[in-house]
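Participant: With the hints as extra help, turn the sequences into a complete structure.
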Amino acid sequence: MSSDSSSEMRLQQTWAPARGFPGVLAEVNNQIIGKRFMITAFVFFMLGGVLALLMRIQLAASDNHFLGPQTYNELFTMHGSTMMFLFAVPFLEGLALYLLPMMIGARDVAFPRLTAYGYWLYLFGGVLFYASFLFGAVPDIGWFGYTPLSTSRFTGLSTDFWLLGLSLVEVAGLTAAIEIVVTILKFRAPGMTIGRLPLFILSLLVVGVMILIAFTVLLTATVLLELDRATNTAFFDVERGGNNLLWQHLFWFFGHPEVYIMFLPATGIISMVIPVFARRPVVGYVLIAAAILVTGFVSFGLWVHHMFAAGLPALSMTFFTAASLMIAIASGVQVFAWIATLWGSRPELKPPFLFALGFMFLFVLGGLTGVMVAVVPFDQQVHDTYFIVAHFHYVLIGGVLFPIFSGVYYWLPKMTGRLFSDSLGRLNFWLTFIGFNLTFFPMHIMGFLGMPRRVYTYPRHLELDGYNLLSTFGAGLMSIGAVVFLYDLVRGLTRGEAASDNPWDGDSLEWSVSSPPPNFGFIRFPVVTGRHPLWQADVTEAPDDSALGRLREALAFEPQTWRGTMVTDATDATPQAIQYLASPTFVPMWAAVGTLAAAVGVLAQAYILSAAGLAVLIISVFIWLLPRESVMRRLRESELPASTGLPVLSSGSVATGWWGMVGFLTLLGSSFAALIYSYFYIRLFSPQWPPSGSDLPNLPLGSAAYACLVVAGVIHCWGMSRFRAAAESSARAALVIGSAVAVGFLALQGWDWSRQNFTHQSHAYGSLYFVISGTLSLLVVLGLAFSLTCLKRIGRTDRRDLANVTLHLEMTQMLWATISVIGVLVFLTLYATPYLL
Amino acid sequence: MVRCRRPIATAAALGDWTRPILTSVGGLTCWLFPGVCRADGVVLERRADWSDWSFDPVILINVCLVIWLYSRGRSWWRSRDQVRNLSARPTGIQRVLSRPRALSFWVGMLLLVVTLLSPLDAMAGQLSSAHMVQHMLLMTVIAPLLIMGAPGLVCFCGIPEFSRKLFARSRRLLDRFGWRSLWNPWLVWMTYATAMWAWHLPWPYQAALRNRTVHDLQHASFLVAALLFWRVLLDPVSRRRLGQGQAVLFLFTTTLHATVLGVLMTISPRPWYPAYAGRTEWWGLTALEDQQLAGLIMWMPACVPYLAFAVVAFVRLVSEPSDFAARHSLTPVAGMGGGRS
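So the protein lines, in turn, are chains H and U.
Be aware that the first sequence starts at 409, since it is given in the numbering used here, and climbs by one per residue.
Be aware that the second sequence starts at 2, since it is given in the numbering used here, and climbs by one per residue.
Warning: the hint list may mix true and false statements.
Short derived list, chain H residues pointing at chain U, Cβ under 7 angstroms [to be verified]:
no.	residue
1	602
2	697
3	698
4	709
5	727
6	731
7	979
8	1088
9	1092
10	1244
Pairwise CB distance ranges (calculated) [stated by the list, open to error]:
no.	chain 1	residue 1	chain 2	residue 2	range
11	U	176	H	1186	39 to 47 angstroms
12	U	285	H	1236	30 to 38 angstroms
13	U	238	H	958	35 to 43 angstroms
14	U	176	H	1236	28 to 36 angstroms
15	H	736	U	271	28 to 36 angstroms
16	H	1051	U	198	52 to 60 angstroms
17	H	543	U	222	56 to 64 angstroms
18	H	780	U	316	26 to 34 angstroms
19	H	1243	U	165	46 to 54 angstroms
20	U	289	H	1107	25 to 33 angstroms
Since the hints were made in silico from the structure, they are not lab data.
We put the CB at the ideal spot given by N, CA and C, even for glycine.
Facilitator: Encoded structure:
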């Protein structure tokens, strides 16, 4: 046992957080960063709440002049954007990052440095958002920033704050999504098949994929709008052939899934809490899983139903109504599964469970009004009234905030190791619940009576004073609830009783580690044989004499001198390898600082700052991605492969890096899909294509250029196969030739650019042509960087690093294959379709 | 005016021995359904109605051939099983030849005939929305139904013995030239997407409306692309079938691009296929409304099969063996929380 405790000490040292002031900035551990995410998100939640209270005070009486129209516009914009982008999604991401490894039996998430980078971007983005208050340029365009209002003709610096802050937060969301998906696929404890994932994790898996696609489209849209504003391109400028509705399409292509990106993890929390309080497994695990999938799937087809009033074909309305109802069916399945779980049970009304019940009540109400507004004639009637405000607050507060509170009360004892007061929790619940209904229920009626949204006041003769006063009173109650929660938090942290490891008798793995958990979570990996590991005493442990049992003992306290965790197969969760995880480092912070500087440079039109920021970003990413010799040496000399039979360096679908690359390529793919969609959308509404005065694209030159790209892709794939056949010199030759051909593409594309008699500012066609081909060229430069770094390593590294070099080359090849496919699509779009269509 | 040129002309092309059969079939159909026998590219100059069945011999012959091979293949296996007197436990191949699978194939075949030969086909020449329904049925309903019946294997068994060796040998030859890459999911995904997008460009689409051969080619390429697509997902035999999780992603990404094509079609301010101009009015729709309807069909109803199959795959992915709950007692165990792993 003494050797156990000394091993544990060494493990603790390896995983110890970095000390001192600068050390705080270097932290990469998922638990610490996850907590930072949640705390930051909660601070933004309070800020957003204060903004909401100010608005409610303004609306408490008719003809009030407490705020004035301009301030009111600014406040509702900031309130909406804060709650959507800075609170709900980041909080759930933080909760996910914190809990995910513990719930699936791993020690950390897949890319610790990426976690830190995401957090810094989120923090910087949020601060940039709120910095607008200091400059007196607060965004006032609504949380959706519709064009043309958000173009440079109508709004100034404020919109830049909004767009750039938002972009940083979106990138943070994307990093978290890649993190979550890869962690779930690769770090599950042996035996934890996809069908044994806790439902919270299962919903995160679906949501991770949704974020990868939806957030990328929004990011693309915000970049296009910022390009319009900063470099005078014409995507959204109708006079130059652009299209305003394009923004609405791209925004709602993100916006509709976004609702479910927030809502699905929230239902996941509920599916964790309810069975534990009902003391039985959740009823209809498979049905709930299917409902999650259907919701995620269908949400991508429905974005246009946010645009009922934007002039759509009359025929389409029936279809949207029908399709919108499908979501109601999927949500209904989940609600009935929870009711069935609770049926006949005797749950204790503790705060987590109370909030779960409150969620079910409010969400059903919000869902019902959702079904109402899905009916087009009804929507035409209440569109842009307070009925809509009531509807989406029932969905978002009832459907997201209540589950978040439920989850917070549920997991706080685990996170802090303290028990919190039940009575204060109940008080918070009743204040929030009653306050919420008092605030938002009257809004349904106000909407029917014709009170419009986003208007800073209303005349006395509408006789809305009473409802509004009630609403403001309710908002006050809710904020008292938040204060009670804060008090409870502080009280619990300082004076709360120590919590046991499993205070609720929970069923999932996080309850098997101590409260608060050590940074590494597990000393020995758990072995899972069912959906409720802690409720199955008979099947949790692997017998010590089994292969798995021996592996478990061999990996106990290991690896000791570096951070690492076990990698398992993506589908059946059998052990595959041991993954090195990064220790604290400043690189992610520098990368984030570089990104921030680039954004601020655009904001201040100080492009030299942007360039410097980009340089810092690129250098940091290089340092980040290139393997360090000290680390490689440690991995090479590790004895774990001998003692466990699992490699510490891996390639292909065993390695997390490979999956990270797949995530990155998905992101690239959906970004180009959004660009190409924009091309055809603008094209569809243009009377002449290309616009008069511009020639048709040069087909021979374009064909030559893009043929180069395809050839480069094929050569890289060939190089990969040569490398696998151990022909390193021909692999090197392939990289050289492939890169040279790719440079040929850049040259030909550059020549084609110089031949054009229009610029990116001339018309939307020019903007599309230059931005799409320019983005592709940047991607080619990225591909070249990959190829050249690969070239430097092939045949010149230790033979024991072979797996790592293979992985590097595999990523290069995957990137080039993707570039080729995207190249063909871009060629067809830019060069071929002007002739074909 | 009744014109019977087409079946007879095709018969001539096929050789002497088919002529009497096809002539009599053609003559009979012309007599029974006067609206049927329209010649190449000549579209009805009136609104199509229930009598407008078409008996395109190319389709009829192919369908008959496949039906013949499939039923022969099934009976061949059944007779083999009887000879060998196999045990009651179904083997892999027997499961492939199970009744539900055969039923799926027959339903698919029936729908294929109805889709291509019924008045829907005549309607498809007048309404792009009807044409869309036809394509949607081909690609997302008929193809998976056929694939679930393991047509390749069963039809192979139905090939007369003397030529079976020849087929097997040519198959091996094809394998050497990359026939197997037809199982590559990336390639199949892209083939399907290409078929879907390319045929909706105005000129190939309208060429299909004008020329019967191009039209057959269009339907054939849709059907082949769809069969390859669904084979990768649903094939009852092969180990090269995709895993359930991959299947979900495969279908999800297909839904995304199909949706985008549907959206572009729906919101377009101009009709894409002027060839329909003047005919849609017979059905009380303007050309633009007709196209919007087509786009919407592609956008939503056509994606329902993808969703349905994705749900089935996902449910399989997350299902525990059914006796799991019975084997383990699933209630909280007191004191379990204390242990640290």
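Participant: Hint by hint, say whether it matches the structure.
Facilitator: Results of checking the hints against the structure:
Of the supplied interface hints, the one on residue 602 of chain H holds, with its beta-carbon coming within about 5 angstroms of a beta-carbon of chain U, less than 7 angstroms. For residue 697 of chain H, the interface hint holds, the least distance from its beta-carbon to any beta-carbon of chain U being 5 angstroms, beneath 7 angstroms. A distance limit of 7 angstroms between C-beta atoms decides the matter here; for residue 698 of chain H the minimum to chain U is near 5 angstroms, and the interface restraint holds. A hinted interface residue such as residue 709 of chain H counts as satisfied when its beta carbon comes closer than 7 angstroms to some beta carbon of chain U; here the least separation is about 5 angstroms, so the hint holds.
The restraint placing residue 727 of chain H at the interface with chain U holds, with a minimum CB-CB distance near 5 angstroms, inside the 7 angstroms limit. For the restraint placing residue 731 of chain H at the interface with chain U, the shortest Cβ-Cβ distance is roughly 5 angstroms, inside the 7 angstroms limit, so the hint holds. Taking 7 angstroms as the C-beta contact cut-off toward chain U, the hint placing residue 979 of chain H at the interface holds, the least distance being around 6 angstroms. Look at residue 1088 of chain H: its Cβ gets to within about 6 angstroms of chain U, closer than 7 angstroms, so that hint holds up.
A cut of 7 angstroms between beta carbons decides the hint on residue 1092 of chain H: the least distance to chain U is about 5 angstroms, and the hint holds. Interface hint at residue 1244 of chain H: satisfied, since its Cβ lies 6 angstroms from the closest Cβ of chain U, which is below the 7 angstroms cut-off. The hint said 39 to 47 angstroms for the Cβ distance between residue 176 of chain U and residue 1186 of chain H, and at roughly 41 angstroms that hint holds. For the pair residue 285 of chain U and residue 1236 of chain H, the beta carbons lie near 37 angstroms from each other, so the given range of 30 to 38 angstroms is met.
A beta carbon spacing of about 38 angstroms between residue 238 of chain U and residue 958 of chain H agrees with the range 35 to 43 angstroms that was offered as a hint. The given range of 28 to 36 angstroms is respected by residue 176 of chain U and residue 1236 of chain H, whose C-beta atoms sit roughly 31 angstroms from each other. For residue 736 of chain H and residue 271 of chain U, the Cβ-Cβ distance of about 35 angstroms falls inside the hinted range of 28 to 36 angstroms, so the restraint holds. In this structure, residue 1051 of chain H and residue 198 of chain U meet the distance hint of 52 to 60 angstroms, their C-beta atoms being roughly 54 angstroms apart.
For the hinted restraint 56 to 64 angstroms between residue 543 of chain H and residue 222 of chain U, the CB-CB distance of approximately 59 angstroms keeps it satisfied. Judged by the Cβ atoms, the range 26 to 34 angstroms given for residue 780 of chain H and residue 316 of chain U holds: they are separated by roughly 31 angstroms. Under the hint 46 to 54 angstroms, the C-beta atoms of residue 1243 of chain H and residue 165 of chain U, about 48 angstroms apart, fit the expected range. Between residue 289 of chain U and residue 1107 of chain H the beta carbon distance is about 31 angstroms. The supplied range of 25 to 33 angstroms therefore holds.
Taken one by one, the earlier hints all hold for this structure without exception.
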